[in-house]
Amino acid sequence: MSISKTISAFLTIVLISSRLDAAEPALVPASNEAIQQQLLEMQKGIQDMQSRHQAEIDALKKQLADQQTVIDSLKQNPPGSPVPPVPTEGKPSPGDPPPAFPTTDPTLVPDSVGVLPTNNPPASGSTTPGNLFPTTDPSVVTNGPVAGLLPGLSTSSGPPGVGGAKGSYLNMSFDAVFAGAASTDPNLGSLEVGDHDPQQRGFNARNIELALDGAVDPYFEGFANIVFKLDNNNETSVEVEKAFGQTTSLPYGLQAKGGQFFSPFGRLNPTHPHTWDFVDAPLVNGLMLGPDGLRGVGAQIAWVIPAPFYAQALLAVQNGQGGTAYSFRNPGEDGTFYGRQTIDRQTDGLSDMAITPRLEASFDLSPTQTILGGVSAAFGPNDTGENCRTQIYGVDLFYKWKPANAEGGWPFVKWQSEAMFRRYEAGHGLDESFPVAETFHDWGAYSQVVWGFHKGWAAGLRGDYMHMEPSDITDDPQRQSRYRLSTDLTWYPSEFSKLRLQYNHDMLESTDFEPSRDEDSVFLMYEFSLGAHGAHKY
Amino acid sequence: MKLSITILLTTLAACTGTARAKLNVVTTLADYAAIAREIGGDHVEITSMAKPTEDPHFVDARPSFVVKLRAADILIEGGAELEVGWLPPLLQTARNSKLETGAVGRVQASEGIRLLDVPATLSRAAGDVHASGNPHFMIDPIIAKAVAAHIARAFATADPANAASYVTNEKKFESTIDAKLQEWGKALLPFRGQHLAAYHDDWLYFARRFGFEVDVFLEPKPGVPPSPKHLAEVIGQIKSVHIKAILVEPFHNRKIAEKVASSTGAHVVDGAQYPEALPNTATYVQLIDVLVARLTTALKN
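Those protein sequences? They're chains A and B, same order as listed.
So that you can map any letter, position 284 of the first sequence is 284 in my numbering, and since no number is skipped, the others follow by simple counting.
So that you can map any letter, position 43 of the second sequence is 581 in my numbering, and since no number is skipped, the others follow by simple counting.
Hints in this document: simulated from the structure, not taken from any laboratory.
Warning: the hint list may mix true and false statements.
Chain A regions said to be covered by chain B (calculated; three or more residues, Cβ under 8 Å) [said to hold, decoys possible]:
id: 1; stretch: 301 to 315
id: 2; stretch: 464 to 470
Calculated lysine-lysine pairs in the BS3-like style (CA-CA distance at most 27 Å, straight line) [claimed, not checked]:
id: 3; chain 1: B; residue 1: K718; chain 2: B; residue 2: K838
id: 4; chain 1: B; residue 1: K718; chain 2: B; residue 2: K767
id: 5; chain 1: B; residue 1: K636; chain 2: A; residue 2: K257
id: 6; chain 1: A; residue 1: K414; chain 2: B; residue 2: K606
id: 7; chain 1: B; residue 1: K606; chain 2: A; residue 2: K498
id: 8; chain 1: A; residue 1: K498; chain 2: B; residue 2: K838
id: 9; chain 1: A; residue 1: K498; chain 2: B; residue 2: K759
id: 10; chain 1: B; residue 1: K793; chain 2: A; residue 2: K455
id: 11; chain 1: B; residue 1: K606; chain 2: A; residue 2: K400
id: 12; chain 1: A; residue 1: K455; chain 2: A; residue 2: K537
Note that the Cβ used here is the ideal one computed from N, Cα and C, for glycine as well.
Kindly produce the complete structure, drawing on both the sequences and the hints.
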């Protein structure tokens, strides 16, 4: 590469200096002796270079001549004309005329032609005769001496250009999150409500994720995230976190999606832990939408509303069954939920499914400030009794500031808040075995600020609150109201790795069954990602 | 309330009205916007998503861009992984079939351009490298001409009624660049062969065109922040090859460059690769004018 660079520089200078010497004295400022001195020095340098690179230049010239021969022979037998018979056995002797059928193809080795730009005959007629400096350079385009981008000439006829070539049919990436945990609570799982949060003191590997995506065909694109988790006994479990196809070409800004996917509820729920700003999930997400987030098999339709600002309406219909539909048809651990033995509710119709509508909109407050807000809801039956249903409502707001001259995305300020309200009808359980039916009105919220104060560094502060309606009958420890304060510091050595230190202070309020308690935890998280460059949604 | 609804409806009507009359062009970066403006003239409406002073690798995928992309007839992007971190989710949400890969409305400027520094071995241990090669090619005026031709062809195909105007404007742009190349070449001739330092490795196309060697970088690897140890080496290199100029861009940490400059005697040159990032650089030609002038001033000392 350095040789070819030198040669091209050399040839440019030869061209220029010969012109200067020959015909165009007016172009040299007569008074500027310094320039002339420099030119003399340069010519001396050129002579040195000439002797050093003569051999290479000769070789390349020979190569060019060979290629010219081939091109000439191609011109004599242009594509489409009858192909002369291919010579049979035997190689042509040195004295033979060039073979009628080409034995080399210069277009297959783009760089051998391209590095000798300026003394090639110009590809198009745009260099005027009086120009001292070259105005064309065939080496900048990939299709050899013919500038492929001129109107009427196809760019696809040549060899695959480096710039135009794309990777594979499938983008693949691998992301692994590990966390070391220390806590005053020996049972960390009772504090940390998300399934990907650290669940034990010591080391945790709760989210090792393989992500795949790509265009299926002209009509669909496909996405899949397969998560591997190590439990507290180091047993591996696999979950198909999401796997869905979605349309790419429906009219009127519509998009349909089908498969296993996150319900479009709020801001955090549809995202993966490696995009979060804290080690763990907020309390409301873990205790209302569930440890795994609200997701399931189903279908979704989304519509970008034709307005002068961004607005989108989404509606998802999902089975709403199992642990990933925590507040809905969830059989619960060991067949009980909120103290009730759960019933096995079958799907009889749409009313047995979980339905999630969402409306979101965004505005640019200024060229450097943007807000994105939304309202969501989720409706469906639950398994604590016949005719028991759950409604969850949420609002979310996201604000971001990033200056116009940010370097690598820094500095920035992000403020993100979500509030949720849940009405949960807890019934009599299987065979009317639980003494009372209750309706819980629970609510909670979190608000977090993340400040990217220096390139690669971000500090965060989060406040969390979860209010569970008190009950003197239901003794489930998950129904303990609680506060949490978290602060963290993250270092991003690059956009593909991060190290995060976080401190949590948890305050659990007393219930009829559980005492109040204060707990402190510290986490050190490490994450890396491999493979395709992930793109970030706002 | 009534008033705001009226305003909303009027805006809606205005939006749909202009969309019908003009070719709606969205560009990822400001350089494509500047050239598209010269080719399109009054027949196109142009929006650039990234700000000219912004790091093109790290643009936020703001939802307002979805609205622009949804209404676009043509999208001009660099390709070659430059916008890979933010453009795909925008296109997924915008769902505009005119902008699908391979469609007339999708102009990938890097298509057909021979990119430099294509890594022989692909490894992120080398920093933030691009598999397809270095994507900062627009700063070479001869490549800018090729991209202008590409844009003109897309405009002419999408809007045949004004094809003649696009071709004329493109020829005009070409001949302006040809004439300017003589001027720029002459101004930089005395410094041909000199070595320059830069914050980030994105000047190689400029260097090739005007005969510089930009081979000392304040970043130890592309995208990796300068470390004190690396800066000490850089200072040594700048002194030993008598480098006179350190090129920085608006989104770089100028203080670091200033520190290096003060301990070596080199000058910090505030450069940019995007029109409007520097004062009086509304067009592509003005941007190169300013770069040439600033470099000439720094190198003369």
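Now for the hints, and whether the structure bears them out:
Closer than 8 Å: that is the beta-carbon criterion, and the stretch 301 to 315 of chain A has 7 residues meeting it against chain B, so the requirement of 3 holds. Given as covered by chain B, the stretch 464 to 470 of chain A fails the check, having 0 residues with a CB less than 8 Å from a CB of that chain where 3 are the minimum. Only pairs whose Cα atoms come within 27 Å are accepted, and K718 (chain B) paired with K838 (chain B) is accepted, the gap being roughly 21 Å. With a CA separation close to 41 Å, the supplied pair K718 (chain B) and K767 (chain B) exceeds the 27 Å bound.
With a C-alpha separation of about 21 Å, the suggested pair K636 (chain B) and K257 (chain A) falls inside the 27 Å cut-off, and the hint holds. For the proposed pair K414 (chain A) and K606 (chain B), the alpha carbon gap of about 24 Å is at most 27 Å, so the pair holds. Taking the CA atoms of K606 (chain B) and K498 (chain A), the gap is near 33 Å; set against the 27 Å cutoff, the hint is violated. With a C-alpha separation of about 45 Å, the suggested pairing of K498 (chain A) with K838 (chain B) is violated against the 27 Å cut-off.
Restraint check for K498 (chain A) and K759 (chain B): satisfied, since their Cα atoms lie roughly 18 Å apart, inside the 27 Å limit. Among the hinted pairs, K793 (chain B) with K455 (chain A) is consistent with the structure: their alpha-carbon atoms are about 14 Å apart, no more than 27 Å. Restraint check: the Cα-Cα separation between K606 (chain B) and K400 (chain A) comes to about 20 Å, which is no more than 27 Å; the hinted pair holds. This hinted pair checks out: K455 (chain A) and K537 (chain A) have alpha carbons roughly 20 Å apart, not beyond 27 Å.
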